[in-house]
Amino acid sequence: MKCLYLWIILSWSSLVASNDASRRVDTSQHYNNQKSAAVHKGVAKRGERKVSGDPSRRLHGRHVCTQSKVTMIPMKDVQSYCKPVYQSYLRRCDQDNSRYCSGYRVAYEVGYRPVQRMVAKTESTYSCCPGWTQVRSSSADCKRAICVEQCQNGGSCSKPNHCACAPGWTGKTCTTDVDECTTGKSACDHDCTNTQGSYKCSCRGGYVLQPDGRTCEKKEPRVEKEYDAGISKKMEDLQKRLDALEEWQRSLSDDKADSRHQRDDRINSLSEQIALLEERLEECSCNKKDVLVFPQAQK
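If you're matching positions, the sequence shown starts at 1 in the numbering used here and goes up one per residue.
Because the hints were derived from the structure by calculation, they are not lab data.
Keep in mind it's a predicted model, so treat the numbers as computed, not measured.
Each residue gets a CB set at the ideal place from its N, CA and C atoms; glycine is no exception.
Possibly wrong hints are sitting among the right ones.
When the alpha-carbon atoms are kept at most 27 Å apart in a straight line, the in silico DSS-like pairs for lysine-lysine are as follows [as the list claims (entries may be wrong)]:
id, residue 1, residue 2
1, 219, 233
2, 234, 219
3, 143, 121
4, 172, 185
5, 200, 219
6, 185, 159
7, 200, 172
8, 218, 233
9, 218, 240
10, 185, 218
11, 121, 69
12, 159, 172
13, 185, 200
14, 121, 76
15, 143, 159
16, 69, 143
So the derived label-pair ranges between C-beta atoms look like this [what the hints assert, rightly or not]:
id, residue 1, residue 2, range
17, 231, 265, 32 to 40 Å
18, 127, 107, 53 to 61 Å
19, 150, 130, 12 to 20 Å
Between the sequences and the hints, there should be enough to build the whole structure, so can you do that?
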């Protein structure tokens with residue numbers, strides 16, 4: 001009977017030991033699996049952050065400032081602890097020492113459990129430096145200056161809280177007029193009158209302001225211009241009359257030449273007719289013995 005109890009005790013002890021060993025192996029493997037999964041998950045998250053394209057990371061170039069920011073982020077981890085377990089064993093019974101009774105006792109083993117802890121993470125953020133902003137939301141740099149007070153009279157914000165004024169204006173917000181007449185910035189020949197944001201030139205008596213708005217030239221008297229115009233008109237009329245006289249003289253010369261030629265032609269024709277008559281007269285005087293017979297006119 002004692003041998004039977006001893007065999008039961010040994011079998012039970014070996015079974016408990018094997019269960020504890022297998023439990024420890026499973027727990028260790030579970031810990032390794034969880035730790036590997038946490039590492040892979042962290043790498044994946046970092047990759048997602050890089051691929052997602054955070055707008056603050058795209059900023060670079062002029063007037064872009066870099067800042068380091070520390071944030072606390074939760075991270076999953078596996079923690080070991082002392083895990084209480086109940087172990088069964090055989091002992092002599094209290095009432096009968098000849099018999100063995102089963103008992104239980106508390107033992108401790110290493111256990112693993114998932115936990116969440118906060119980890120400090122340093123990240124670099126990129127943003128526009130103070131006083132600057134992006135021209136467009138898609139711009140990668142910050143080139144537009146910010147002026148708290150708006151620039152007036154055509155001025156533009158060139159630097160933070162600094163206006164580049166248009167000609168004729170000055171001051172922080174381009175609201176002060178520049179007096180070009182007193183500062184010598186005008187180019188007037190004679191008189192200068194200051195106006196808001198500009199100036200105006202004028203000429204003294206006897207001078208005329210030119211199209212450029214600055215130069216003055218001496219004005220010619222109106223009487224002289226009218227006199228010159230009258231003289232030019234008279235000269236033009238005389239020239240026309242002279243041309244007409246010359247044309248009339250040429251026409252008279254041509255008429256005289258034509259009448260002279262006609263007269264010469266007539267004389268020549270008459271001379272020929274007289275010669276012909278003389279020939280005929282000679283023939284008639286020889287045949288008729290001094291009897292002149294004139295041919296009769298044909299009817």
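Can you give the numbers of the hints that this structure goes against, from lowest to highest? Result: hints 3, 9, 17 break, sorted rising.
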